[in-house]
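Number of protein chains: 6
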Amino acid sequence: MPENTSESLLVVSAHAGDFVWRAGGAIALAASRGERATVVCLSYGERGESAKAWREGKQLDEIKALRRSEAEAAADVLGADIRFLDAGDYPLIESRQLTDQLVHIYRETRPTVVLTHTLVDPYNGDHPAAARMALNARILAQAVGYDAPGQPLGAPPVFSFEPHQSEMSEFRPDVLLDITEVFELKRKAMRCLGAQQHMWTYYEDLADRRGVQLKRNAGPNLGLPHETKAEAFVRHYPHVTDRLS
Amino acid sequence: MPENTSESLLVVSAHAGDFVWRAGGAIALAASRGERATVVCLSYGERGESAKAWREGKQLDEIKALRRSEAEAAADVLGADIRFLDAGDYPLIESRQLTDQLVHIYRETRPTVVLTHTLVDPYNGDHPAAARMALNARILAQAVGYDAPGQPLGAPPVFSFEPHQSEMSEFRPDVLLDITEVFELKRKAMRCLGAQQHMWTYYEDLADRRGVQLKRNAGPNLGLPHETKAEAFVRHYPHVTDRLS
Amino acid sequence: MPENTSESLLVVSAHAGDFVWRAGGAIALAASRGERATVVCLSYGERGESAKAWREGKQLDEIKALRRSEAEAAADVLGADIRFLDAGDYPLIESRQLTDQLVHIYRETRPTVVLTHTLVDPYNGDHPAAARMALNARILAQAVGYDAPGQPLGAPPVFSFEPHQSEMSEFRPDVLLDITEVFELKRKAMRCLGAQQHMWTYYEDLADRRGVQLKRNAGPNLGLPHETKAEAFVRHYPHVTDRLS
Amino acid sequence: MPENTSESLLVVSAHAGDFVWRAGGAIALAASRGERATVVCLSYGERGESAKAWREGKQLDEIKALRRSEAEAAADVLGADIRFLDAGDYPLIESRQLTDQLVHIYRETRPTVVLTHTLVDPYNGDHPAAARMALNARILAQAVGYDAPGQPLGAPPVFSFEPHQSEMSEFRPDVLLDITEVFELKRKAMRCLGAQQHMWTYYEDLADRRGVQLKRNAGPNLGLPHETKAEAFVRHYPHVTDRLS
Amino acid sequence: MPENTSESLLVVSAHAGDFVWRAGGAIALAASRGERATVVCLSYGERGESAKAWREGKQLDEIKALRRSEAEAAADVLGADIRFLDAGDYPLIESRQLTDQLVHIYRETRPTVVLTHTLVDPYNGDHPAAARMALNARILAQAVGYDAPGQPLGAPPVFSFEPHQSEMSEFRPDVLLDITEVFELKRKAMRCLGAQQHMWTYYEDLADRRGVQLKRNAGPNLGLPHETKAEAFVRHYPHVTDRLS
Amino acid sequence: MPENTSESLLVVSAHAGDFVWRAGGAIALAASRGERATVVCLSYGERGESAKAWREGKQLDEIKALRRSEAEAAADVLGADIRFLDAGDYPLIESRQLTDQLVHIYRETRPTVVLTHTLVDPYNGDHPAAARMALNARILAQAVGYDAPGQPLGAPPVFSFEPHQSEMSEFRPDVLLDITEVFELKRKAMRCLGAQQHMWTYYEDLADRRGVQLKRNAGPNLGLPHETKAEAFVRHYPHVTDRLS
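Quick mapping for you: the protein sequence lines, in order, are chains A, B, C, D, E and F.
Residue numbers are given in the numbering used here: position 35 of the first sequence equals residue 35, and the series is strictly consecutive.
Residue numbers are given in the numbering used here: position 204 of the second sequence equals residue 204, and the series is strictly consecutive.
Residue numbers are given in the numbering used here: position 68 of the third sequence equals residue 68, and the series is strictly consecutive.
Residue numbers are given in the numbering used here: position 171 of the fourth sequence equals residue 171, and the series is strictly consecutive.
Residue numbers are given in the numbering used here: position 177 of the fifth sequence equals residue 177, and the series is strictly consecutive.
Residue numbers are given in the numbering used here: position 231 of the sixth sequence equals residue 231, and the series is strictly consecutive.
For reference, chain A alone in the conformation it holds in the complex (with noise of 0.2 Å):
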């Protein structure tokens, strides 16, 4: 696999989890393509999204130590780095603080493409906290005064990922994503974590939807194939392009 090191993506997750079901294939298609991608976990999860631990009387600790080993394995499959900044989860709470711990993620990895949660999310309030904090250091981290180590940031282009009740959250895919060619990667690492089993065959399932309606969007003339899988993702700044497509 060669390396392409012009080009890196990072994803913002507010828990342990979310970059697996919601953004795996972009992450496989990315570090398939040689180029670096970052998770940056905010939180483990630990307390919003880990409810079959909790009833099976685990504790804090565990927990924690639980989510995380599962998240490393998945990002390992997938082919990304993975930090954890333990901030705290149900409520994620936003602050100056956790902020500028993402601006020097920014300006370290100098990312090329940002993934994150939506703005909007009426079942889960970090979901749109993890957002905002992602969306303010990534201007932060552009602006030559501000105080972090590295060189102002450019402008990558931010896309929100998929949430999990989608018509709820505001979602109105812009972008589909292909990620057939990734897609037993994506099957992997959803497989690796074990505290959410019963979002499996959910996030399989949702990848044919989104798989079927890109082909619709595509039209049956580009021939592509019945078992095709896609992720939806909606932009937050609009595409720089030389070519409409």
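The set of hints was computed from the structure by calculation and includes no laboratory data.
Any given hint might turn out to be false.
Unchecked claim - DEER-style ranges, computed between Cβ atoms:
{"hint": "1", "chain 1": "F", "residue 1": "D242", "chain 2": "B", "residue 2": "R83", "range": "53 to 63 Å"}
{"hint": "2", "chain 1": "B", "residue 1": "I93", "chain 2": "F", "residue 2": "P225", "range": "36 to 46 Å"}
{"hint": "3", "chain 1": "A", "residue 1": "P122", "chain 2": "F", "residue 2": "S95", "range": "26 to 36 Å"}
{"hint": "4", "chain 1": "D", "residue 1": "E181", "chain 2": "E", "residue 2": "Y202", "range": "38 to 48 Å"}
{"hint": "5", "chain 1": "A", "residue 1": "P122", "chain 2": "E", "residue 2": "L60", "range": "32 to 42 Å"}
{"hint": "6", "chain 1": "A", "residue 1": "P122", "chain 2": "C", "residue 2": "Q97", "range": "45 to 55 Å"}
{"hint": "7", "chain 1": "D", "residue 1": "E108", "chain 2": "A", "residue 2": "R209", "range": "50 to 60 Å"}
{"hint": "8", "chain 1": "B", "residue 1": "E170", "chain 2": "E", "residue 2": "R191", "range": "44 to 54 Å"}
{"hint": "9", "chain 1": "E", "residue 1": "P122", "chain 2": "D", "residue 2": "E108", "range": "41 to 51 Å"}
{"hint": "10", "chain 1": "A", "residue 1": "D61", "chain 2": "F", "residue 2": "R83", "range": "48 to 58 Å"}
Where is the CB? At the ideal position from N, CA and C, for every residue including glycine.
Dock chains B, C, D, E and F against the given chain A, drawing on the hints supplied.
Using the frame of chain A, we list chains B, C, D, E and F on its own:
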């Protein structure tokens, strides 16, 4: 210029001049890559966008002939075929017959990209009428059961080009297209439109402003030239891709 | 009452009563300043807004005559000219011919302010149809090339007056008009509309409520009287002014 | 099955199959309670939703007959009466005459609940056209002055059923209807529609997903079965009730 | 009055009076059915909604005591328990601690229906702050991992009650609740609030207007009494039901 | 220049330059009528809007002093008082203390018109933070019970001035202000801001474009000069008036 037979651009324009001001760069870019580009003018803009000619005392037939020859010259500069459906303007009336004519053109030209007006324009009712027909005809052309020659259409992406008053027309750019390399062609094409001289400078300046915005959204690190020129568009359907960028 | 020949108010009303309930104060205010006020009733509201008369067993022609005489009396009280286009209601059908009649009226009356319905009303399809025609006709009347007598129109501001169910019609007031000084005229005009007696009290109370809202938005310091009466409107185009207030 | 003569469900469907995929559960539920259910198919979907038949070389009349018999079979399974207005599809043209036919049906069937399409669907122009006519006809049927047999209609609630691409059609579910107890009937009715076999699995899966969402919104404490099936709807008018729930 | 132990209503009110004006009918209805009703006042409204007392020269502690006793009397009339968190108003500051107090109350009272403010109110910043905390706390209370006594909460529906200026607060009624049978209790409860006498008539009139709207949306055939009283609400989550109505 | 003691303009600006680019004309107009104008800069824009100075190697204190002196010079040209709260930028943190400072200023300056940023700006998080505080402080200043010197504030109208990227910030102009007569003052004030020279031409051109739009919305008949200059604003509350225009 090598011909690229697999790509075909279709532009549905309410009046004879719209395609030049709003999408001249996109057309010239496509043509410069050897792609087929077809402009359909639903009317000549003889009543609503020819105020100068009316004030000079010209008659309806003269004005239509004038606008036609200007538009032909501009299309020629840009490298596009042009057709005139002469459906009348101010008001341009949405009709089944005119929509059917568009279906036939879709089936014949088999566009891989479609450009048209916005669905909202509080300053000009013809523009949304043209957009509605362009969108409906595309759907009809996709149906194998629709009675028109040719094979059913695929699902080409549709973009709205920029209206004259963007904010009032709820135009929030989704795509910024770099037209720097073909801008001299667009400038030359605009100068073919003598009936609307007051627009020349306006749209040259707009290309600069959209160019600045493009650079702002691309980031400083890409080394884009100072004089970047751009056109802005809004997508109607999700972008299908295998790479986030 | 001195005549103010430079100002002209045009009210486009779907039915014979709408202009009284929703804009009677604005009309009386304009007339009280010596300005010309013209009401155009596209229909008599003979089918959709004359339930009482139908229940009393009246015939279509009787009802139309009744609504016409009521509306004439109300317009007279308010100080407005009134015209009836008798285009039929329930449904009021949007047509090129009716729009053309409106263009001729715009060119003749040369309004400096236009009032009409909202573009959304889930309880009455005639109201949005009237609004669409009023807005389109205004644009057509501006074109020197449109074939109708008179000079091209300027760009008079357009306001939607208040629909019966404001929230459901997406009516968020932009303008609160103080009609205190002419409210007795509005009350008297409303009492001319015997076919819709159940509305009298409703619109008197609404004037109070909008008056309270006006005072709330003007601030307590202006010393407005306790019995301030108001009407609410929504602007369609930006307010042009040389003073923020 | 006892007859419940006070309740009557009316479903306005653009094409012959829509009512099954999108509202089959709601129809079967109503019928299972002994309520009258009437489906009106404005067209057979002969051009726009019969691709398989066209590809097999069938003729227009054959296809219409085929779709009609399939829809009749499905309606029979669900327990609904069905009528075909044969207004043509692709495009389904909004007209005064077709709207008037709907008014007559409203006056005759006196629905207490109405189901139809969404007002937005960027993939199918017939669906919004059907919705607009269903909504307008309901308003007209309420007017004592509208010239059609029967008494004026009350104010039955109207729901949009789910479009094929929910997010793109701005469909944010307001109501999740538990159709578990009648799901086998819906499944059987779907299987009557041989012309659209590719939809069978899709809509079985959708019932599961909406069922999961129903349970998520009902809360875990209600003890809903694992295999809950649901359909999603959007309300057009406020819900009138004497109990919040 | 039989006790209905399975139902529990929780009302989160920014100030001491809000729950009476905006949801007094809903509270009295629930209590009249034997359901538990609990009101939580985050503040006494001592600064922002006690202008009369300040103008009379009262001191902060006096005003808080006054508002408390008024609210207790009103809650008693309506049949609700009431609690005061005394978090301060104008501004009411959103905080983790206050949200945590709400989580504890959710876990204890186990509401089956939740009422709170709108998320938008350009005239009062405390109202959206209260709504955000009420919504976030409900999500946190659902998590088994959240450290608070009691079992995880189910998913009770949440409704916004009506703000003082509905259109400006983007309040489009989703639900009209018939409160006719308990309206005398609401009237009596309102009269307990001597600090805000100017509101008494306003909210009596609003109950009438919402009652008229309820009848308009229920249809004339239901035989509702002339004096129907109603309150309006907006749902935050889809309505889960087994019957469309 | 006669003093107009009854009118007072308050401008809440996140950084030291914003008030000049976006509202310099409105300020100069007010001052030219003898009205009091006060600018509050929440920060100097020392980190986020001083890239040139940072690139030249200046230190933080130098940059703050530089921006302050530039802003003082510009305010002096426009005829406004200016205050600096030095709250820090990038990020400007919303806080109770800073909001309280603004309440004191509202109570002291008693504005009759307020100008601030938009509530949405995806390119700059400080701007919405400033707008939120300006709006909240205005509400707090209205409460007699708020503990700050001076009388409770009335209800001055609030306008958002134009953000740098209007469409992306959901800025749809409500008001176009004719600043032709004071434009030379605005130009001169802009030239005081040496740290942001690249903005000079941009905002001179914007004044032209908004001027063209003003003329388009005023109509050709008003005889406005060719070189009309304008600024655009969005209202937060309904316009209170006794005359539609």
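Open item on the list: 50 to 60 Å was suggested as the range; check whether the CB atoms of D:E108 and A:R209 agree with it.
Closed with: violated (40 Å)
Open item on the list: Assuming the hint says 32 to 42 Å, is it satisfied by the Cβ distance from A:P122 to E:L60 or not?
Closed with: holds (37 Å)
Task: Status of the given 36 to 46 Å range, CB of F:P225 versus CB of B:I93 - done: holds (38 Å)
Open item on the list: Between the beta carbons of E:P122 and D:E108, is the distance compatible with 41 to 51 Å?
Closed with: holds (48 Å)
- [ ] With respect to the beta-carbon atoms only, verify the hint that A:P122 and F:S95 lie 26 to 36 Å apart.
- [x] holds (27 Å)
Task: Verdict for A:D61, F:R83 (Cβ pair) under range 48 to 58 Å - done: At roughly 51 Å between Cβ atoms, F:R83 and A:D61 fall inside 48 to 58 Å, so the hint holds.
Task: CB-CB spacing for E:Y202 and D:E181 relative to the 38 to 48 Å hint - done: Distance hint for D:E181, E:Y202 holds at roughly 46 Å.
Open item on the list: Taking the Cβ atom of A:P122 and the Cβ atom of C:Q97, is their distance within the range 45 to 55 Å?
Closed with: With a Cβ separation near 49 Å, A:P122 and C:Q97 satisfy 45 to 55 Å, so the hint holds.
Task: F:D242 versus B:R83 beta-carbon gap, inside 53 to 63 Å or not - done: holds (54 Å)
Open item on the list: Verify the CB-CB distance for B:E170 and E:R191 against the hinted window 44 to 54 Å.
Closed with: holds (48 Å)
When each numbered hint is compared with the structure, a violation occurs for hint 7 only.
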